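> The primary structure of each chain is shown beneath.
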Amino acid sequence: MSGKKIVIIDDDPEICDAMSEILSEYGYQIFTALETKTGYQLLLEQRPDLLILDIMMATMHEGLDFATKIKEREGVYGMPVLIVSARPPVEKGYGRTLEEDLDWIHADIFMEKPVEPEELIHNVALLLKK
Amino acid sequence: MKILVIDNNESIRQDLKVSLEGEGYEVLTAGAGREGLEILARELPSIILVDINMADIDGIEVLKRAKEQNPDVQVIVTGDDNEVDLVIRALQNEATDFVGKPISKEALAGALLRSRERFWKDNKLRGYIENLEKLIKDTTEELEKRHELEHNLIQTSMDGIIANDRRGNLLIFNEGAESISGYTREEAVANIHVTQLYPEGVAKKIKKMIYGSGHGGPGRLINYEVEVLTKKGEPVPILLSATLLYEEGHEVATVGYFKDMREVKRLERELLKRYEFEHNLIQTSMDGIIANDRQGNIIIFNEGAQSIYGYTPEEALSGMSVTRLYPEGEARRIKKLTYGSEYGGPGRLINYEVEVLTKKGEPIPILLSATLLYEEGREVAMVGYFKDMRKVKLLEKELIQRERLAAMGQATAGIAHGVKNILHAMKLGAFMVDKGFEKEKPDLLRKGWNLVGKSINRISGMTLDMLSYARSSPPARQSCSLNDIVNQVCELMVEKVRERQIDLVRDLDFTLPPVSVDVEDIHSCLMNLVTNAIEAFPESSSGGLITVSSRDAGEAGVSLHVKDTGKGMTRELQEQIFKYLYSTKGARGTGLGLAITQKIVHEHGGTIEVESTPNKGSCFTIILPK
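These protein sequences, in sequence, are chains A and B. Numbering that gives the first Met the number 0 applies: residue 0 is where the first sequence begins, and numbers increase by one. Numbering that gives the first Met the number 0 applies: residue 0 is where the second sequence begins, and numbers increase by one.
Okay, chain B solo, but in the shape it has when bound (with noise of 0.2 Å):
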């Protein structure tokens, strides 16, 4: 422990550093009370021992600046006991002791025990008191920082959040309050009683529910719905939940939260008007909508069902099966292919065509689309479209009927046309007949009754086609070598080509595989695709090549080829020339030959394509099944 030592007199003071350093102490010295002010600042010991006449500053000064440079340095005020006032004045200024002069033992030992004591119980007391001080200061930090976090939470809230004291006034106001009602927290914050913000009588209704028991326990108030009034007079609609607050067993304020339900009553009444659409537009469709539950019974059962069952939606949401109202087992049939993937994927069936029941037992036509319910991946039910299809199926018919006359009327004129162009002919040759007798010309005779002739045989082909394309026997199928109907035709075709001379080659799959077909039909049909390839080359011009093949297609059977190196057809032409009575030929088609000739491939079961490009030729192909 330093202890230091200011007298003016040299020889008390290396008593005193001997004695002293014989007890223990690190003793520094000093001669006047400057010197010593500097050892104190600089050395800061724990005890001070001062005579209190000094030449320069004297002791009671001394004491004054030690001390309010460290509170805890113990000060030893020596002097003569007379001076009774200096003593006074010494401990007023919390000197530690006043040892008389001449300094006796003793009394020095007594003042330093003294000092030391001191010394300790104030650096102790100190710390206690700096930590207890640091205590609060964290302490209130710590609440300040809470309530700061608490007053945020309240004040950012998005629900409004007000209390208000016994006596109604409002303590908290927060931002959300500010926003559902209007008023600002200055204007909130006791200016206004609680029961303002409520319609008339509420408040007090509120106050009586808090205190019961009813709403989630006495002194609480949980979701209770009711109306506040605006500042401007508006009532919105919230959901309050309220507490009251104790303070040491007082009741001191009623909390409560406001949650804004203005947007939720919105959606409320939104999805309200979504349902009631939905709802109008399953009771109003055209269409029969008819739900079942997993059960079978019916759930939904709108207009359109009623009036293609004669149900009323009583009779069938009274616990009906699904299955009455289809013919017996079709109920389960129809199940099965919604489940299945037949009619639009699983879960699904799309345009499926059934005939119900109704109340009455009559079947009724229906195109029936249907697609199962799911509510949190488990199927919940399945809905059933109803097209009613009485009217479409009765249109259908007069389409057809009408479509027949119109076909009718077609073939008509096509024939009218036909005869027309004959008889022309025929006029025409009569004419150089009766000229040819007048002026005895045999020549004109022998030309006007070829032409007559040849439009007599035309009438006969026309006729015969006709009857061919009208025909409805089946084809008197034989089994023959397709190979020996081309070969037929290209021979009866060899003085034809020659005259135009026109190329016909054959191109013949010799391990064809014998099939079953109505060799007339065949070889007529082949006669048509030849008499057609030839008709392809324009008139005036000569040249050209027809190929008739005929090949094993595999599994698709056997195919025969007409191909020539023609004027080839467009593509808007070659749509059209199968069509019954079409030609591009004029006077000379009766626009029956492909059409007929389709109609026979057709009867075997077959194909009949064509493939063409403009001023290139085309090609023929018919496929018969083996």
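Pulled out of the complex, with its shape left as it was, chain A reads as follows (with noise of 0.2 Å):
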């Protein structure tokens, strides 16, 4: 058991849960929140090893805003951000690329949804070794 800290923010309980259920058998610590204002905090109290995020959460920026203010605030700089996502459709002013997306989240790993779930644990594996 690693014991690392990994917090997943999404705003489907279900998902949340199963991820936890997963993510927990690989012996990872998980705290989960339906929305980025506890996750926030949750981010401030536990200073986890990882984020996973889900940015098509309940407005269509939230997720990627939150993504971009974590990633500006000092306190939890370097963390890595593991973004999943059914990529959100084009229109309803939500105008920027998926590139330009991970531009700014470049060092990390964007998945898109379905994921498949040995994936998902062989990239968090990835981005805990760093």
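FYI, nobody ran anything at the bench for these hints, they're computed from the structure. One thing to keep in mind: the hints can contain errors.
As the list claims (entries may be wrong) - With a cut-off of at most 20 Å between alpha-carbon atoms, the simulated SDA-like pairs for lysine to any residue come out as follows:
| hint | chain 1 | residue 1 | chain 2 | residue 2 |
| --- | --- | --- | --- | --- |
| 1 | B | Lys-100 | B | Ile-11 |
| 2 | A | Lys-36 | B | Gly-542 |
| 3 | B | Lys-440 | A | Tyr-25 |
Unchecked claim - Here's a subset of chain A near chain B, in silico, CB distances under 8 Å, partners left out:
| hint | residue |
| --- | --- |
| 4 | Glu-24 |
| 5 | Gly-26 |
| 6 | Val-114 |
| 7 | Glu-115 |
Bear in mind the structure is a predicted one, so any value in this text is a computation, not a measurement. Backbone N, C-alpha and C fix where the C-beta goes; we use that ideal spot for every residue, glycine too.
If you follow the hints, you should be able to join the two separate chains into one complex; please do so.
Written out as structure tokens, the structure reads:
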């Protein structure tokens, strides 16, 4: 058991539960939040080794804006972020392309839903090794 | 009548005084010439009787001075008859008479009689003369005044006024003439020949016309358009009137009145230009412009109209009736609508969609605007502006097609997104099941299987939603109580709200009349609204209030309200929520719920509205007709 801390922020409680169950099987310590506000609180409290974030949360920009924010905040700077998302449709005012988004979260991994659980576990291990 | 007697001899004076007073005269006497002159100046006698030989001033001198003072005074000189020189001198100095001494009564009476007559005659004559002089003076002044007035009139007239004598020399040349010709009065009068004011040959022609009778009668010329030449040789258009002046039957002069037509001509040109501009505007307008008179005859038919109808302007303008431009009865309808106020007020018709008939009988969609034209308050014509809508209609069709495609693309993207999320959960579930088996962890296996099952339900729910949204059959209406539906929904939600520690309160109007609706449809609407209300509270928090109420909304129908004290919505968000596939719930929402609810309400002929304040809550109101 590595005991590394992972915070998962996803607004779907079932996904949160499932991810939590699966990743705990691999010895990680999991904390979940259904919204960014409590999620940020968790980040400050737990100082996790990895953040798994769904970028298509309640509002279109919430996940991405949050990712940008935590990258800019000194307290959590350097923490890897794994983004899981059903690729957002381009319309409805959401103009940033995926490539641009990756540009400012360059060191991390973006996974498109549906995610292969094995691949997810692999990527988590990869990011935590760094 | 006053009479002054001047004599050195005291007794003669007294004798004369007595006898003259006896005849009714007022008698003054003086014993010397100087004294006599003093009395004369003071008393102004009418007659003086003076002795020619006196010590200080002699009678001749008195006579002279008396006449100087008052020419009317009559002076009778007395003296020695033998001194002929003196008698002649006295008479030369306008003495009325000479009476010899000693004075005989008869001679004196005769002299006095003559004096009185002359006095009266002189006085009258002078009155006449004075009157006459005054009359002449007044008349002269009057004439001068009138002349001055005429002179001023002539001089200051805006029009040019010139007069020339029979030889063509200019006599009068006023300010107006100066401003038209550029010559000063001094330059013109007596220096310029009238022919110099016109281009060669024109003066002669004008003269001929004045003498002729074709232009206002012989001796006159009225409103003849001609050009005059300025000092610089530039032509100026004028309107010329002229008349011959006579004195005692003889022609003495010709007077010409020049009306400067430069401004008028300029305005005329401008008007023409504007007319041409408007004409061009009408002719080249992309829209058809057609005007007809009150009888329905076409009077304007522009190029645009030609391209719509296929008639040439010649065809249209040769007495064609405007009714031929429309299918039967339509022209009359348009006329009626134009007079009415439905489309843009009386006398106007704005953006009326109509089909017209071309020359070949083809119908063409037109957007018609029309207006009545008035002249001096009387309707004279009707103008129609015809916008050819063929291209617009075609574009409209294309747009609808494109919109349909875009909607389909959007729908596909939305569905894909929903499916991806559900698949994601399914994969995680399946993985958990595998791991549960592998590691013999029944708990993990159960949880995984549970997730798979939920995901299957979600997919089927989403499919049903999509079908429901796409459904085109009308609602299966039956009479029912809305309160019953509210109760059913609230019962179903009891468990869910308890979990979240939310109070779900019903506030029902028990006098609500039954309505005819599709029960299942309204049930799912209400379910959707209550589910949304529950989700309006953050998952991390607990507590909150949801009120479901029913009301009789009078003529509008019956209303259902679902009110929550949740997080509320911004105005921006409120505008989005009824859109197809719009979701604020990420993976859990299909973006179909409110779209379906709205569709159902509309199918029932009702309305759905939302009022919301961020952080205070939202209230959805459905109104269904009774």
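> Among the hints numbered above, which are violated by the structure, and what are their numbers in rising order?
5
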